[in-house]
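Protein chains in written order, with my numbering: chain C, 1 to 323; chain S, 1 to 733.
By construction, these hints were calculated from the structure, which means they are not laboratory data. None of the values given here were measured: they were computed from a predicted structure. Misleading hints may appear alongside valid ones.
Claimed, not checked - Below 27 Å or equal to it, Euclidean Cα-Cα: the simulated BS3-like pairs (lysine-lysine) are:
id	chain 1	residue 1	chain 2	residue 2
1	S	K719	S	K730
2	S	K14	S	K155
3	S	K121	C	K37
4	S	K650	S	K719
5	S	K650	S	K137
6	S	K730	C	K37
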Amino acid sequence: MRPYTFAAARSVGEALEQARDGSAYLAGGTTLVDLMKLEVISPAHVVDITAVPLRGIRAGAKGLSIGAMERMADVAGHDLVAGPYPMLAEALRQSASPQIRNMATIGGNLLQRTRCGYFRDPATPCNKRSPGSGCSAVDGHNRSHAVLGTSDACVATHPSDLAVALIALDARLSLRGAGGERSLRLADFYRLPGSTPHQENELRPGELITGVAVPALPWARRSTYVKVRDRQSYDFALCSAAVAVNVRGGVIGEARVAAGGVGTRPWRLPAVEQALKGKPMRLETFQAAVEHAADGSRLLSRNAFKPALLRRTIVRALVHLAG
Amino acid sequence: MAQPTMDRIDARAKVTGAAKYASDHNLPAMVYGHMVTSTIGNGRIVSMDLSAARAAGGVIEIYTPGNRPAFRGTLPPPLAPVFAEARHPLADSEIHYYGQIVAMVVAETIEQARDAAALIKVTYTALPPKSSFEDAKQNPADPPVTGLPLGQPIKKPQDVDIETALAASQVRVEETYDIPPRHHNMMEPHAAVAAWQNGKLTIYSGTQGPAAHALELATVLGVQPADVHVISPYVGGAFGGKAFTWAPALLAAAAALALARPVKVVTSREQLFTVTGHRAASSQTFGLGTHRDGRLNAIKHHTTSQSIVEDPGYRTTPKYYLAPNVDIRLMVTPDMNLPTATIMRAPGDEAGSFALESAMDELAVRLGMDPIELRMKNYLESTLIEAKPYSSKHLDACYRVGAERFGWSRRSTQPAAVTDGDWQVGLGMSTAILDSGRASTTVRVTFRPNGTATVGCATSDAGTGMWTIMAMTGARALEVPVDRIRPALGDSGLPVAGNNDIYGAVGSAATSTVTPAILVAAKEAIGKLVEHATTAAGSPLVGAGDVRYDGGRLVGAGTSVGFGELLTLTRTAEVGAQGTSAPLDESHAYASYAAHFCEVRVNRWTGDPRLGRFTTVVDAGAILNAKTARNQITGGVLFGLAAAMFEEGKVEGATGRISNANLADYLLPVNADTTEIDVHFLDHPDTRLSPTGARGIGELGTVGAAAAFANAVYNATGKRIRTLPITPDKLLA
Ligand SMILES: Cc1cc2nc3c(=O)[nH]c(=O)nc-3n(C[C@H](O)[C@H](O)[C@H](O)COP(=O)(O)OP(=O)(O)OC[C@H]3O[C@@H](n4cnc5c(N)ncnc54)[C@H](O)[C@@H]3O)c2cc1C
Numbered sequence: 001m002r003p004y005t006f007a008a009a010r011s012v013g014e015a016l017e018q019a020r021d022g023s024a025y026l027a028g029g030t031t032l033v034d035l036m037k038l039e040v041i042s043p044a045h046v047v048d049i050t051a052v053p054l055r056g057i058r059a060g061a062k063g064l065s066i067g068a069m070e071r072m073a074d075v076a077g078h079d080l081v082a083g084p085y086p087m088l089a090e091a092l093r094q095s096a097s098p099q100i101r102n103m104a105t106i107g108g109n110l111l112q113r114t115r116c117g118y119f120r121d122p123a124t125p126c127n128k129r130s131p132g133s134g135c136s137a138v139d140g141h142n143r144s145h146a147v148l149g150t151s152d153a154c155v156a157t158h159p160s161d162l163a164v165a166l167i168a169l170d171a172r173l174s175l176r177g178a179g180g181e182r183s184l185r186l187a188d189f190y191r192l193p194g195s196t197p198h199q200e201n202e203l204r205p206g207e208l209i210t211g212v213a214v215p216a217l218p219w220a221r222r223s224t225y226v227k228v229r230d231r232q233s234y235d236f237a238l239c240s241a242a243v244a245v246n247v248r249g250g251v252i253g254e255a256r257v258a259a260g261g262v263g264t265r266p267w268r269l270p271a272v273e274q275a276l277k278g279k280p281m282r283l284e285t286f287q288a289a290v291e292h293a294a295d296g297s298r299l300l301s302r303n304a305f306k307p308a309l310l311r312r313t314i315v316r317a318l319v320h321l322a323g
Numbered sequence: 001m002a003q004p005t006m007d008r009i010d011a012r013a014k015v016t017g018a019a020k021y022a023s024d025h026n027l028p029a030m031v032y033g034h035m036v037t038s039t040i041g042n043g044r045i046v047s048m049d050l051s052a053a054r055a056a057g058g059v060i061e062i063y064t065p066g067n068r069p070a071f072r073g074t075l076p077p078p079l080a081p082v083f084a085e086a087r088h089p090l091a092d093s094e095i096h097y098y099g100q101i102v103a104m105v106v107a108e109t110i111e112q113a114r115d116a117a118a119l120i121k122v123t124y125t126a127l128p129p130k131s132s133f134e135d136a137k138q139n140p141a142d143p144p145v146t147g148l149p150l151g152q153p154i155k156k157p158q159d160v161d162i163e164t165a166l167a168a169s170q171v172r173v174e175e176t177y178d179i180p181p182r183h184h185n186m187m188e189p190h191a192a193v194a195a196w197q198n199g200k201l202t203i204y205s206g207t208q209g210p211a212a213h214a215l216e217l218a219t220v221l222g223v224q225p226a227d228v229h230v231i232s233p234y235v236g237g238a239f240g241g242k243a244f245t246w247a248p249a250l251l252a253a254a255a256a257l258a259l260a261r262p263v264k265v266v267t268s269r270e271q272l273f274t275v276t277g278h279r280a281a282s283s284q285t286f287g288l289g290t291h292r293d294g295r296l297n298a299i300k301h302h303t304t305s306q307s308i309v310e311d312p313g314y315r316t317t318p319k320y321y322l323a324p325n326v327d328i329r330l331m332v333t334p335d336m337n338l339p340t341a342t343i344m345r346a347p348g349d350e351a352g353s354f355a356l357e358s359a360m361d362e363l364a365v366r367l368g369m370d371p372i373e374l375r376m377k378n379y380l381e382s383t384l385i386e387a388k389p390y391s392s393k394h395l396d397a398c399y400r401v402g403a404e405r406f407g408w409s410r411r412s413t414q415p416a417a418v419t420d421g422d423w424q425v426g427l428g429m430s431t432a433i434l435d436s437g438r439a440s441t442t443v444r445v446t447f448r449p450n451g452t453a454t455v456g457c458a459t460s461d462a463g464t465g466m467w468t469i470m471a472m473t474g475a476r477a478l479e480v481p482v483d484r485i486r487p488a489l490g491d492s493g494l495p496v497a498g499n500n501d502i503y504g505a506v507g508s509a510a511t512s513t514v515t516p517a518i519l520v521a522a523k524e525a526i527g528k529l530v531e532h533a534t535t536a537a538g539s540p541l542v543g544a545g546d547v548r549y550d551g552g553r554l555v556g557a558g559t560s561v562g563f564g565e566l567l568t569l570t571r572t573a574e575v576g577a578q579g580t581s582a583p584l585d586e587s588h589a590y591a592s593y594a595a596h597f598c599e600v601r602v603n604r605w606t607g608d609p610r611l612g613r614f615t616t617v618v619d620a621g622a623i624l625n626a627k628t629a630r631n632q633i634t635g636g637v638l639f640g641l642a643a644a645m646f647e648e649g650k651v652e653g654a655t656g657r658i659s660n661a662n663l664a665d666y667l668l669p670v671n672a673d674t675t676e677i678d679v680h681f682l683d684h685p686d687t688r689l690s691p692t693g694a695r696g697i698g699e700l701g702t703v704g705a706a707a708a709f710a711n712a713v714y715n716a717t718g719k720r721i722r723t724l725p726i727t728p729d730k731l732l733a
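The shape of chain S in the complex, shown without the other chains:
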């Protein structure tokens, strides 16, 4: 089946600058807040000298722990305190981490606010911070019990003694894999423009879930959720960093209330590293034991991380390979003087897949077996622990097709055997598996007299292509050209069912969640339209017996009328309905799959690694828009490769300061660092998951990409790098 493909309908608005992001909004009488952050990692504020700042031009107010804006409410709803900062900004004078907000200056212009902020002098009593993960991981603690599965041990069988099982295995590897902290660094920083009117808040603030954002803001501010209106049609990248509510939006809302003027707060790039969330460092020990023929006997996956939010064991290991003995555990390093850990694209999956897929490569080397053959020997048809069957799994085909496209058979089994001039060349592969699911959500479909139909849902498009998918799915469901569909998203006033779907675009599940609900809502709306056609005064079909909807027209009684014309004739502004998708069929497990193949070139003199080629073959159910889907996969792959090659939040253990909290020193790949990424989609619609058959894509490319790179580095050089990123100095030794 040919995959549908369509350009983004929001592309023109974005490249011409017509698309307004949160901070592009300017309201009458608006003022500007600029945050000031701490320069110690632990301790307390003794005093703040605000005199110079107060005297500076244009300053309206300076919020500090001694002069806090009112957060009259409580903690936000259940997930937020686990995944975002539980403490309200400026709550007290205690400093918990370097870069914590200690003040916000509000002034008439952004320049005045920034200028005054630089004049504030803070005196601290500093204590030695607990900021070194290297030190803290030596003494980890059991994870807290939160009611979430994250952090809970997984064992098979329940009384497994994993060390004995490993010792009894004929071939073993056991290694530790370390990943440094990482920061989302989405292009658009967290920003908010907040305005109150009659006790109601309107806030322009980039978010993945407008409804959840509204609920979290309302709870903290102590108002009704219905009194908070979040507007977020365009989001300049989120990657999990905008799944929950962070201080800049809270401060903008609270200051706007106190000052009775609209307030804009834009986080600086440096501040983004500390006042919003990040991916915590992790250290994972993987033990794999097999029979001589490659069948796994034991898997031990023990992780230590700052918090439970990204649990690589829970997220990764139960869905990859079959083994009779399994022991998965997470330990944490609580109370660290570090910024708050949150989720980031492929949370747990990225770290877990790097460790597992590196360990599998090491095992293949030890067994003298082809890495794909080893994976096929341990292929899972149902989940490892509950033995739930997978709904639709074609990972074997991903391996086969990928190996063919990439030329895997040309790989030297001997490492450090292939050179091209001054470059050592290596090939590596890995598996990517990403749980798929969907929430039941609500969509509204509305027909209008101008011949267009609106398809609305309180979801989000953070650059993913959601605008376009909603238009395409609406067009398919209503059988009209796509340019007659007006999608609506990014607004907390739009429909939502009120379960987990309030979190909007998370877990790579936005398309699989929203598109089936569009089909349901379209059907409901068509029913309403037919009823309208047969009853409304002015309709040529009043009283007709067998009116049906066909391609945007109402047909019956030997005549037909387009819906736009119909509503014009009946002088009706709109006819529509909401529809809610059915809950997920829990009898099966759902996941998306990919096989990644990577070529790396390493300079034989100076050790600098370069990306050569990359092929990935993807089994993600039905592909609803090949163009945006491909874009998600290439972006995801590069996101994962960035962890392999560059990214590292460098925390100074002695101070808690992040020494590279800017885009000059925190290295991200740009186009010149990448290569043409060859993406091939298998097309097996997962109709048990939903009628549209689409599974998750957004995070899939990221999963396993770093391992494919590291495995290729090993193949090129014979050097196994288990600590990311893989920089030239590590390959020099």
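So here's chain C without its partners, still in its complex pose:
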């Protein structure tokens, strides 16, 4: 870890004031401190925002709002989350470990960095960490890497489970920066790596995430998050699926489907949603609908199983919702 200066902010205003070139906000610290210890990132100035009151889990006519500083554990266990949006609670409960969920915040979760082992090891080339140095994963150990949205410069997955469920629910981010407030669809927040994998999202320097808004979607009560991983107790996803269905009279009216562990960003699958629409809620429908889910995949030397796993993970989620 390199030396840095430290300040604690008590309000959004103080936080924004403290922000400067090369500074980083400290929320739960479970990503930030980890990466600082690995010297993957070395901010010159750290602004502690744990006392900034970006709290609250509220439900209104328009939907659910969650403060950026709410802890993963508190959100997962909240009645306003678990009842109306099971996929959100399930995604959180299958994230990390209880200890980490007690520390980690919603804002930090959405900004966590990829778990690509080359990104995390400064001794190896990585375009995301050190632009232009090359991508070690393309010819390296890439079993856990993405097959969708990749580029020659980067094949790293986005690791957040929560983001997958939020994308499926059309969530929006509230942001506050020196230039004022703005709101953005989470789906528009994350960028594809292209030739600039170090630019992961639309966050401007010094900007704060203040909260997340999830639109009301009554039929999301019938939703689930299925996560397939090597180690069941805690591990990042080999593949995951957030699925919600609106079924009436045995027929799917509408569906939401997004996937994790396969894309360079949380991956919404509108074609699968479309293919489910108007079809009977049964296995044949599911299997037909996922047939093209992984179309466009670019396979690496060790992750050729991912397209099949993606299709089956979605089917598993749908079977679960049917059962």
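Based on these hints, arrange chain S with the ligand on the given structure of chain C.
Chain S with the ligand alone, transformed into the frame defined by chain C:
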């Protein structure tokens, strides 16, 4: 007979943090060493830019190949260069593997040492490393001759032509089983705190064998073994990884000498993967040929591995099944650019049992025979090659009792036939056999005026329960309550006989080695105490004719006195004696046995396997403490299942880098990944092995566990996975 059971006497100290592990020691004026490791897998160091590091705050010294601490001695004694790194740290500028130590920064604080270490810039000339075992195993070589049986071919009869014998068999299987490298990942990393005074070294360093550690350190440092004092009362897991001496302890000792200040060196988790030993990858081909009735005719077991240290053929095959034609061979892939291979819990046995017990399952399928019946058809009553009779073997009862407890009869003989919702359910079994033995060792028993007695031996407790076993055995031998026994271990100043017992807690033999010596030493000490009672001034029994020891009291002449009171009256600080256990009776072979039964559930859509249930029935002689014994078995089983489910050191062939050298990416099971493991002990004391009748337990659970899992996966899905670990992608196809 009810098995004795007792809580660990060291448990409270451990859970309250009172137990001091090596790195918990802080000495006045102590400084900190932090190692720097190479980022190439083969080549040499061209230059090192130390300027920024030297200028950083608190830096005292930077050791490099150009500025080496003095290792004035030679290679350590015979076993160490085979089982640990023979090359001294920083010996020269050659790089043999990725993650090799290239420097050690010593600074006033650990933060300063780490900070400066990150500022060192090393320039290398890199050569393509020979790091891919997949490639290397295509061209293996004959193993070196070391004088050890490891790596030497085993044939029966001597001129066997195994291919012909296999071809002549009515039913055959021949398959190859691959196991990736594996790392001990004990909770406590290798750490050492070293201090010199008057030419003598005191070193706090976690070890399985304090006496061997002292001897190895002394030899490399060029001092007398008696001048090295190893202190290691608590060891946070070892699993073979702390059986020999590794660079961190050597560097701490050498730097402390050079700087004339105590030095602490703690290995980081990432460094543990390369600067200490690991289990090498192996590839085993098993050929089994039987008669139609299941009787084996031929066994071929050919292994390729990085080194000889874990020879699965030698360790496994001669002790499982009867067959007239046997051919066991090991080939090696020498000179690889990989970290040093060493032993790890159930060395050779774990790999060998996975291959053999998988192959037996495949054979049972081919024969259409129950796997237990097939094993009983080939039951060994004496060793396969020398035909030495087994001293005490109740494996047949393990099968029978285990099948009953587990509900083996409910297993579908048809694979992929049982589902429970979205889960395919399968049952599998395997056999575990672990050679047992013991070394002759020396124990000292000492009576004290406060009514306690010390029982001391230079053995080790790496979480095994040795502290407690020594106290219980001492209490039994001296006929006093266990809270009056003060065990002592983990110190090279304690007694040791000086043969193989210097290696302390290895080969699951610590309990079988130490407990008989406690009985001998107790008897000697009691003799000394009786003599003292009848002769020492102040004793009420002076001159008494028939004084005897009874339950902690000296009885005679119509009176009695407790030993504490006696020593108080005679103003004597201690009375005691050493005793050395008799050598092992070599007329018989000794082994511990278990039958493992495993239920696995595999998701029918996404292929993720989960552990369902596990039952194991164990025949390990007398069980001296049911609680710690059970703990050893459950830990051992989970250790073996971890190889089946998760563990894999992932080496990049092109660089030699281990891509998952950390605990986030190197997956280990945690409690949430396991299940209640049902352990049942048979109780047949092996009194030929020793008077306490205890055989080895520590590694037994590990043996065969992976095969039980893999066989259950086959039963659940019809898919035979021969390459560990068994991950969802392998079951998806
Ligand atoms: C062992 C381990 C396992 C894990 N497993 C999973 C998993 O299975 N699934 C999963 O989804 N996640 C997993 N995680 C990641 C974990 O969820 C994140 O580390 C956590 O959510 C980050 O939140 P935090 O509050 O600690 O963020 P911090 O570490 O404090 O911050 C992370 C980043 O976000 C920035 N930041 C934080 N808050 C704000 C804000 N309000 N506005 C602007 N910037 C901000 C920080 O500057 C930093 O760059 C795991 C982490 C670990 C260590």
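Exercise. Going straight from one Cα to the other, do K121/S and K37/C come out at no more than 27 Å?
Worked result: 18 Å, holds
Exercise. Does K730/S lie within 27 Å of K719/S when you go C-alpha to C-alpha?
Worked result: 9 Å, holds
Exercise. Taken at face value, is the distance from the CA of K719/S to the CA of K650/S at most 27 Å?
Worked result: 24 Å, holds
Exercise. Given the hinted pair K650/S and K137/S, is their alpha-carbon gap at most 27 Å?
Worked result: 16 Å, holds
For this session: Assess, step by step, whether the Cα of K14/S is no farther than 27 Å from the Cα of K155/S, and give holds or violated.
Result: 49 Å, violated
Exercise. Regarding the pair K730/S and K37/C, is the alpha-carbon distance no greater than 27 Å?
Worked result: 35 Å, violated
The structure shown violates the earlier hints numbered 2 and 6.
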